[in-house]
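**Student:** Chain order of the listed sequences is A and B. Once you know that position 300 of the first sequence is 299 in numbering that gives the first Met the number 0, the rest is easy, because the numbers rise by one and skip nothing. Once you know that position 188 of the second sequence is 187 in numbering that gives the first Met the number 0, the rest is easy, because the numbers rise by one and skip nothing.
Mixed in with the good hints there might be a few duds.
[Said to hold, decoys possible] Covered by chain B, per the in silico footprint, the following chain A stretches (three or more residues, Cβ under 8 Å): (1) 64-73; (2) 83-96; (3) 155-165; (4) 196-209; (5) 242-254; (6) 362-372.
[Unchecked claim] Beyond 12 Å from chain B on every Cβ pair, some chain A residues (computed): (7) 18; (8) 269; (9) 301.
If you're looking for bench data, these hints aren't it; they were derived computationally from the structure. Heads up, the beta-carbon is just placed ideally off N, CA and C, and yes, glycines get one too.
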Amino acid sequence: MNPIGERVLERCKRLGAEDAEVYLSRGTEFTVRVYNREIESLVSAESRGIGLRTFRDNRVGFSYTSETDPDALDGLVDDALLNGRYNHADEANVLPVTQPADPLAGLASPALSRVEPQRKIDFALEMERRATSLDPRVRRVSDAVYSDGTGEVEIVNSRGLQAWFARTVAYGVLETIAEQDSEMQSGFAFTHGRDMEELDLAGVVQEAVENAAGLLGARPVKTATVPVVLHPHAAAMILGVLANSFSADAVIKRRSLLAGKLGEQVAAGIVTITDDARLPEGLASRPFDGEGVPSRCNELIADGVLKGYLHNTYTAARTNGQSTGSAVRSFKSVPEVGVSNLVLKPGVLTREALLARVDNGLHVSQLTGLNTVNPVSGEFSLGLTGHWIEHGLLTTPVKELTVAGNVIALLKRVVAVASDLRFMFAGGFCGSPTVLIEELPVGGL
Amino acid sequence: MPLLDQALVDGVIKRALRSGADFVELFVERKRNQSISVEESKVQRVSSGTDLGAGLRIIHQGTVSYVYTEDLSEGGLLKTADLAAQVGRRGGGRFAFGDLTGAPRLPQPIEVPPHTVGPEAKIELLLEADQAAREVSGAIKQVAVGYGQSAQEVLVATSEGVHHSDSRTRVRLMVHAVAERNGEIQTAMEAPGMQRGFEFFDDTSAAAYARTAAERAVSLLDAAPSPAGSMAVIVGNEFGGVLFHEACGHGLEADFVAKGSTVFTGKIGQPVASPIVTAIDDGTLPSRWGTLAVDDEGVPTRRNVLIQDGVLLSYMYDRLRAGQQNHPVTGNGRRQSYQHLPIPRMTNTFIAAGAHSVEDIIAATPRGLYAKKLGAGQVDVITGDFVFAVTEGYLVEGGKIGRPVRGATIVGNGPRALHKIDMIANDLKLAPGTCGKEGQGVPVSVGQPTIRISELTVGGTGVVAPGTMRP
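Let's have the full structure, built from the sequences with the hints guiding it.
**Tutor:** Take a look at the structure:
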């Protein structure tokens, strides 16, 4: 067993804890940011931390530290036990009784640690160089970053759990500036993978350039009621807003707009949403959750009907249910309930075929103000940027439009889902294809 | 007790200098946190923890390399210094770094260090607040209250021989109330905080803040959907300053300015706002959320006038950008923790008070939206385009405050809105917040008096009133 974990568990037992759980994380980071053909900054580091939960008389105590010397570890135990004395007693405060998780292959790329730092620097420089040579209107890059990291998680508990996994991630982020006359537009794109080799350099450059240049000349349009097409990234951002409402903890505390709707039609029949922590391409994939409970694919909305909520061990015990393996945490926090890879199931239509259904409508590439959505009522009022659609093709860029409504009402108005699934970090690793929503009133001039 | 022995600090810097670096800086941090939350009227969580680590920054010509570690033993730090030297890349740029000037200030005085107060007193405070919120109305169905404290000690030592330290103690209360009636749900929150010890609660009533949040959540149940369209918007004081912070403040940070990626680049000495607007970033204000004795590069903080009578006077700098742009340091080099590089950040940023009373402004507004409280928002720093939620709003009709509205957002462009500020009240107040940039969150204050923007787009769920349409 991990010697730190063993030492901590031993002290917990000696000082009267009935149960205890030690969560250890270790990680490395390499990030290079370039500007004007030079390295602007380079970060390389290793980090670590330990979180401890103790259980006594149905009370949970928690503390964390980044120190590993014996005094600090003793203090960690003492603090958790002391903190636990003040928490209310709840029979649902228990450790999971769990089977060992099936391993999940492919989460970590051993090759990543062998990539020379110079190649990573060159990747960032090359992103910047190509981004400023594709389009005469894009001559500047405001941000070009290559970053990668490894993360290891180990959980040991007094019920004999010893679980470990490692994960790697690499990504490139690019933000370009397009200029024409006195107008500036920014364009953002990113590429991700388990390894530098999986990154799509040409793709990220092209997308960042197109996103910026494509918005030049954007202007407001008149208020209209038209069909709205959401780019996969915009749709994924809306999924991200919905994410917390699937949490049983939010449901129990009346902070979910899906509370009390189990078995009800909450979306159009074409909408199926899963949270799949074992998705091969999912950057949030993991063999087990923050309490060591094996991960699985959870069906949340099937054909528009709400099928279930996400649980950790606590919310499961409180509702006489089963943990869905959805405990998320860092070493600095107790296990909360959260999504992993939240996916709107793609359909069979190509993006082009979906757009072809629209004679006159709006394609939304950016939504602003998503963090202003009321998470409880689902009410929103958002800013929209994108393009007008004429006869299935994107034409004039448009900006400063607003749309107001309710997330649930929006889900019920989805009329088509394309096949072009793409992912985005949005409060989880959220994936969606292009989505067509029937007529919405869009506020403009 | 010093965070780290001086001889060790000097040894680490000397070791890292062996790589031929132009500059080496060691940042050491210890941060002790405690948080307590009460939900469903029960103590749900008492948590505590310590972050301890060091970050070593070395600069070769124009290139910055950074390494951090949690291992503060002599062996661990020297290994980190060697790693820093090894990853350090010789850039082609020129080494330029802002001179560290000014005398270090004293840390904010703390009367009752929060760690000397047991959890009992904090829990009592929270339970009182919980009860006060619930007593406001039967419509209050859920209340969450929280208490947080942090004590951060930092040490900044550089190869120039600088050795500065700071100690930052913060306490904060959070109240979140949910009101529900006939299936309608509305929420409201209050989160006061200061850089003070537990004595903060001698003159701050947790119960009063809880009642305020609960009353607002209940009143929103009766609010009508906000109309949409273009209209005059009166933005309330205190957290209303988030609008300036997000839509203009970030555009005045020297890293964005240097890349020419903000509309304020090259505009020093030019009018960028209505002549009645003066905006200030002041890291020295007593006890404020974003106040620092020295910033996270060891630079003593100061009062920086950003915009004076509508004319742009200064950007906000860290040492690196000050050097590159040949400008004196301003004390705005900040980082979330030892795991992060310092970058230009705001401290306490606000629009200065004007001459009007709030009543004057409302009486002078034939039709508009009074956005008394703003909530979350989003901004594109490059363009200054913003969207903010209005969490407490009223229609203004015929110079009088009318019915409450909900679900409103204000949409616009920061630099353009600055020119459209046509009235400023005398009720300046600041509010605490956490500002995020490049993945780093730092504590700041935002603030302003009540201001009027002559024309702004309002998004809302209500029907667009015929009068608001424009060609």
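**Student:** Each of the hints needs a verdict: does it hold here or not?
**Tutor:** Cross-check of the supplied hints:
1. 64-73: With 5 residues closer than 8 Å to chain B, the segment 64-73 of chain A meets the three-residue bar; holds.
2. 83-96: holds (count 5)
3. 155-165: violated (count 0)
4. 196-209: violated (count 0)
5. 242-254: holds (count 3)
6. 362-372: holds (count 5)
7. 18: holds, 17 Å
8. 269: Holds, since 25 Å exceeds 12 Å.
9. 301: holds, 25 Å
In summary, the numbered hints that this structure violates are 3 and 4.
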